[in-house]
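**Student:** With the hints as your guide, set chain B with the ligand onto chain A.
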Amino acid sequence: MTAPTSLEEYRVELRDWLSSDPAALRDLRGWAELEHERYVALGQELSAITWERGFKRFGWPVEVGGLGGGPRYRAVYYDELCAAGLFVPEGDFSGEVLGPAVIRYAPALAAEYGAAMLSGRELWGQGFSEPEAGSDLAALRTRATPTEGGYLVNGQKVWTSNGHLADRLFTLVRTGPADSRHRGISVLFIDADSPGVLRRPLEFASGAHEMCETFFDDVTVPTARRIGAENEGWAIAMFLLQFERAMYSAQRQAWLLARLRELAAQLRRTGQSGDPAAADVLGRAWLAVSLLRTKSAQTVARLDAGETVGPAASADKVLLAAAEQGVLDAARELLGAGFDALDENASWRAQWWYSRASSIYGGSAEIQRTILADRVLGLPPEQARAARIGAPS
Amino acid sequence: MTVDAATAELLRGSLASMFGDRPHDLATALDELGWADVVDADTELAQDLLMAEHARALSTAPALDAVAAAALGLAASTRFVWPYFGASSRGLPSPCSGLVEVRGLLLGDIPDAAMVPGGGGVFSCDLASLEVRPIGGVDPTAGWHLVSGTLRLSRPERDWALAELAATRGLASSLLALAESALEVAIAHVRSRHQFGQAVGSYQGVRHRLAGAYAALAGAQSLLTAATVEGGLPAARLAKAAAGRAHDRVAREAIQVCGAVGLSAEFPLAGFVRRGFLLDAFFASGRDIIRSFGQALADGADPVRVGKF
Ligand SMILES: Cc1cc2nc3c(=O)[nH]c(=O)nc-3n(C[C@H](O)[C@H](O)[C@H](O)COP(=O)(O)OP(=O)(O)OC[C@H]3O[C@@H](n4cnc5c(N)ncnc54)[C@H](O)[C@@H]3O)c2cc1C
Numbered sequence: 001m002t003a004p005t006s007l008e009e010y011r012v013e014l015r016d017w018l019s020s021d022p023a024a025l026r027d028l029r030g031w032a033e034l035e036h037e038r039y040v041a042l043g044q045e046l047s048a049i050t051w052e053r054g055f056k057r058f059g060w061p062v063e064v065g066g067l068g069g070g071p072r073y074r075a076v077y078y079d080e081l082c083a084a085g086l087f088v089p090e091g092d093f094s095g096e097v098l099g100p101a102v103i104r105y106a107p108a109l110a111a112e113y114g115a116a117m118l119s120g121r122e123l124w125g126q127g128f129s130e131p132e133a134g135s136d137l138a139a140l141r142t143r144a145t146p147t148e149g150g151y152l153v154n155g156q157k158v159w160t161s162n163g164h165l166a167d168r169l170f171t172l173v174r175t176g177p178a179d180s181r182h183r184g185i186s187v188l189f190i191d192a193d194s195p196g197v198l199r200r201p202l203e204f205a206s207g208a209h210e211m212c213e214t215f216f217d218d219v220t221v222p223t224a225r226r227i228g229a230e231n232e233g234w235a236i237a238m239f240l241l242q243f244e245r246a247m248y249s250a251q252r253q254a255w256l257l258a259r260l261r262e263l264a265a266q267l268r269r270t271g272q273s274g275d276p277a278a279a280d281v282l283g284r285a286w287l288a289v290s291l292l293r294t295k296s297a298q299t300v301a302r303l304d305a306g307e308t309v310g311p312a313a314s315a316d317k318v319l320l321a322a323a324e325q326g327v328l329d330a331a332r333e334l335l336g337a338g339f340d341a342l343d344e345n346a347s348w349r350a351q352w353w354y355s356r357a358s359s360i361y362g363g364s365a366e367i368q369r370t371i372l373a374d375r376v377l378g379l380p381p382e383q384a385r386a387a388r389i390g391a392p393s
Numbered sequence: 001m002t003v004d005a006a007t008a009e010l011l012r013g014s015l016a017s018m019f020g021d022r023p024h025d026l027a028t029a030l031d032e033l034g035w036a037d038v039v040d041a042d043t044e045l046a047q048d049l050l051m052a053e054h055a056r057a058l059s060t061a062p063a064l065d066a067v068a069a070a071a072l073g074l075a076a077s078t079r080f081v082w083p084y085f086g087a088s089s090r091g092l093p094s095p096c097s098g099l100v101e102v103r104g105l106l107l108g109d110i111p112d113a114a115m116v117p118g119g120g121g122v123f124s125c126d127l128a129s130l131e132v133r134p135i136g137g138v139d140p141t142a143g144w145h146l147v148s149g150t151l152r153l154s155r156p157e158r159d160w161a162l163a164e165l166a167a168t169r170g171l172a173s174s175l176l177a178l179a180e181s182a183l184e185v186a187i188a189h190v191r192s193r194h195q196f197g198q199a200v201g202s203y204q205g206v207r208h209r210l211a212g213a214y215a216a217l218a219g220a221q222s223l224l225t226a227a228t229v230e231g232g233l234p235a236a237r238l239a240k241a242a243a244g245r246a247h248d249r250v251a252r253e254a255i256q257v258c259g260a261v262g263l264s265a266e267f268p269l270a271g272f273v274r275r276g277f278l279l280d281a282f283f284a285s286g287r288d289i290i291r292s293f294g295q296a297l298a299d300g301a302d303p304v305r306v307g308k309f
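Residue numbers (our numbering), protein chains in the order written: chain A, 1 to 393; chain B, 1 to 309.
Extracted from the complex, chain A is given alone in its bound form (with noise of 0.2 angstroms):
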């Protein structure tokens, strides 16, 4: 596919395809029964293919090999891809949140890796948190001090999605005086395989090895690695939570969607399925992934259209909390004691460990509130606090 078509058309485009079981795409069947890394692999391999096809490249810029056509086409691709019983690559999570912000504050950088992370063939990691900067991220300390061409960097991140198996790394720096909170921070996109670069995958609660801590240990980068101006990391990281809102909910709800109609299969295996109980359970997680899915669809809608996406938006990662929860909470309800029993069961355990952290990374669900309270519903602020949160203080 590859002439540019209208959004009705795409989406009637690709779900024939998926539905018409390609070839292509039948290795991919059982990624459910995956470990970690192989999962990841296997999501590389599916953006590869839908690249090559054509279905991925709508939604984003020539620059990056793309076809145009904006967010919703890709809020489209993943949609589909999750209702065909397949998955959202896991490259996608952190490339919806990146490729845009490269795309826009770094366009040779953008120019020269972009093609490559959106079909497959490398992964990014998003390089935010350290071990004393978590919600209040403006803390951060990882100090690139400038060289001759570039910077040397030294610190620490920690929870880096995927950053074991990343390419390179979208990294926050401190490149002001260390008290110069969201004033001071830059953003260099760092090779993972660089000298003085030390990884180590941390064990999630599931077993699963989805997250390292990172040491920098003077690591050189070059000044062309910069995403946009000394000191407008800051700006950068506020433009790119607009995609993490809206994209991000876009992609989990389609996996959610698909996820509740798995755990209703499950029950119908087991006889379980005329129960009412059981109903009322998978009826309030179905109301619950609609909410997200509406609310995003308007959100990735004003992002379309160009408009900034505001503090309101801290509703949908609310809402994202609240979906994701359900549905791992109402399998874990239904499934009974099986569900923390049974080998079959370990996928839905991890994707219950998972759902836990939906209302912890990404800006906690108490920071969400806050941001709420004080700039959509204009409450009074709290008084023992130092700084604002997710607005310079």
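No wet-lab data here; the hints were simulated from the structure.
A quick note: this is a predicted structure, and the numbers were derived from the prediction, not measured.
Be careful, since some hints might not be right.
[Unchecked claim] What follows is a set of in silico ranges between Cβ atoms, one per label pair, in the way DEER data are often shown:
no.	chain 1	residue 1	chain 2	residue 2	range
1	B	Q198	A	E366	17 to 23 angstroms
2	B	E230	A	D27	33 to 39 angstroms
3	A	E366	B	E230	31 to 37 angstroms
4	B	A87	A	E37	54 to 60 angstroms
5	A	A108	B	D299	52 to 58 angstroms
6	B	A265	A	S347	48 to 54 angstroms
7	B	V138	A	E35	50 to 56 angstroms
8	B	A260	A	A265	48 to 54 angstroms
[Said to hold, decoys possible] In silico DMTMM-like pairs for lysine to aspartate or glutamate, Cα to Cα no more than 25 angstroms straight-line:
no.	chain 1	residue 1	chain 2	residue 2
9	B	K308	A	D275
10	B	K308	A	E35
11	B	K308	A	E13
12	B	K308	A	E333
13	B	K308	B	D4
14	B	K308	A	E37
15	B	K308	B	D42
16	B	K308	B	E230
17	B	K308	A	E344
18	B	K308	B	E44
19	B	K308	A	E307
20	B	K308	A	E9
We treat Cβ as the ideally placed atom computed from N, Cα and C, and that holds for glycine.
**Tutor:** Frame of chain A; chain B with the ligand shown alone:
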């Protein structure tokens, strides 16, 4: 033809003052407002604004009847006997001809005649032979009546499905407006009420409750918008259930952060809460809708996915 945002806001204002005046004759008041033209221009918007302002004013005028009448192409003064709580929103169970036991609701004052839904359409009926008495329930101020007795029915007219869809959406609009009103009351209260030398709205526990309620409301609003654009009764029903749940969430948080006054009948909160509970229970309750979606999912029928990218 479409109605632009500024015109919609003007209309909202006119409807608010119309309901504020407690109209004795809603059809005439709507007529004076040029209602029929707005319905022609943008039916869904007209109905959404009507039901939202009706709810905000806690009006007892039969606005839902006007919505159903417009959907069926009947005069705005047409009245209906609505299905009783727990009964199907389709109306009387079929077959319904000959002598039929009727048990339904009149939303507002008591007319001489009304339309009764059933058999896919509506029947014109004389109410003289029926027993009519006010209902109690959670919100006696709504002015609803229980109608019961036996009617002789012949052939149904019109297509009730159109009214069922419009009414379902209309109730969702009302529920969202009630939730929004309750949230506004709570926000105003926590800004002005001081304890320990600070506005109670500066305490994180209070702030986060209201922020969570806002998010639930914003989600339900997006669902109704999408359901209206995409059409269909299943989507509208899900939107009504969502609006009812959002209202319930707002109600709980608002009551908590207002303290004792939030439970007082003299404070404006309880009115919005009670009316919402009534509407959630009415015309396919939120609970029943959610269960039916869950059952469809359990049965392997893919329920409608509301929301298009
Ligand atoms: C699965 C997963 C994947 C992740 N992926 C990445 C990634 O790819 N890249 C990356 O950079 N990071 C990632 N993170 C890290 C994530 O962004 C942080 O966990 C998050 O910012 C919260 O920081 P923290 O864990 O240090 O919690 P803390 O900030 O220590 O918070 C602890 C608790 O205190 C609450 N809290 C903190 N401040 C306030 C306040 N002002 N008011 C009220 N409550 C408050 C929080 O809500 C939370 O409940 C990931 C995390 C998880 C769980």
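**Student:** Look at each hint and say if it fits the structure.
**Tutor:** Here is what the structure says about each hint:
1. Taking the beta carbon of each, Q198/B and E366/A are about 19 angstroms apart, inside 17 to 23 angstroms as hinted.
2. For the pair E230/B and D27/A, the supplied restraint of 33 to 39 angstroms holds, since their beta-carbon distance comes to about 36 angstroms.
3. A hinted range of 31 to 37 angstroms holds for the C-beta pair E366/A and E230/B, which are about 34 angstroms apart.
4. In this structure the hint that A87/B and E37/A lie 54 to 60 angstroms apart at CB holds, the actual value being about 56 angstroms.
5. Against the hinted window of 52 to 58 angstroms, the Cβ-Cβ separation of A108/A and D299/B comes to about 54 angstroms, which satisfies the hint.
6. The given range of 48 to 54 angstroms is respected by A265/B and S347/A, whose C-beta atoms sit roughly 52 angstroms from each other.
7. Between V138/B and E35/A the C-beta distance comes to about 53 angstroms, which sits within the given range of 50 to 56 angstroms.
8. For the pair A260/B and A265/A, the supplied restraint of 48 to 54 angstroms holds, since their beta-carbon distance comes to about 49 angstroms.
9. With a CA separation close to 31 angstroms, the supplied pair K308/B and D275/A exceeds the 25 angstroms bound.
10. The hinted pair formed by K308/B and E35/A fails the criterion: a straight-line CA distance of about 33 angstroms is larger than 25 angstroms.
11. Our distance criterion of 25 angstroms between C-alpha atoms is met by K308/B and E13/A, whose separation comes to about 16 angstroms.
12. Taking the CA atoms of K308/B and E333/A, the gap is about 30 angstroms. The hint is violated against a cut of 25 angstroms.
13. A distance of roughly 23 angstroms separates the Cα atoms of K308/B and D4/B; the hinted pair therefore holds under the 25 angstroms criterion.
14. For the proposed pair K308/B and E37/A, the alpha carbon gap of about 32 angstroms is over 25 angstroms, so the pair is violated.
15. Proximity of K308/B to D42/B is assessed by CA-CA distance (about 21 angstroms); at most 25 angstroms being required, the pair is judged to hold.
16. For the hint linking K308/B to E230/B, the alpha-carbon distance of about 8 angstroms falls within 25 angstroms, and the restraint holds.
17. A distance of roughly 34 angstroms separates the Cα atoms of K308/B and E344/A; the hinted pair therefore is violated under the 25 angstroms criterion.
18. For the given pair, K308/B sits about 19 angstroms from E44/B by alpha-carbon distance, which is consistent with the 25 angstroms threshold.
19. Our distance criterion of 25 angstroms between C-alpha atoms is met by K308/B and E307/A, whose separation comes to about 19 angstroms.
20. At roughly 14 angstroms between alpha-carbon atoms, K308/B and E9/A fall within 25 angstroms of each other, so this suggested pair holds.
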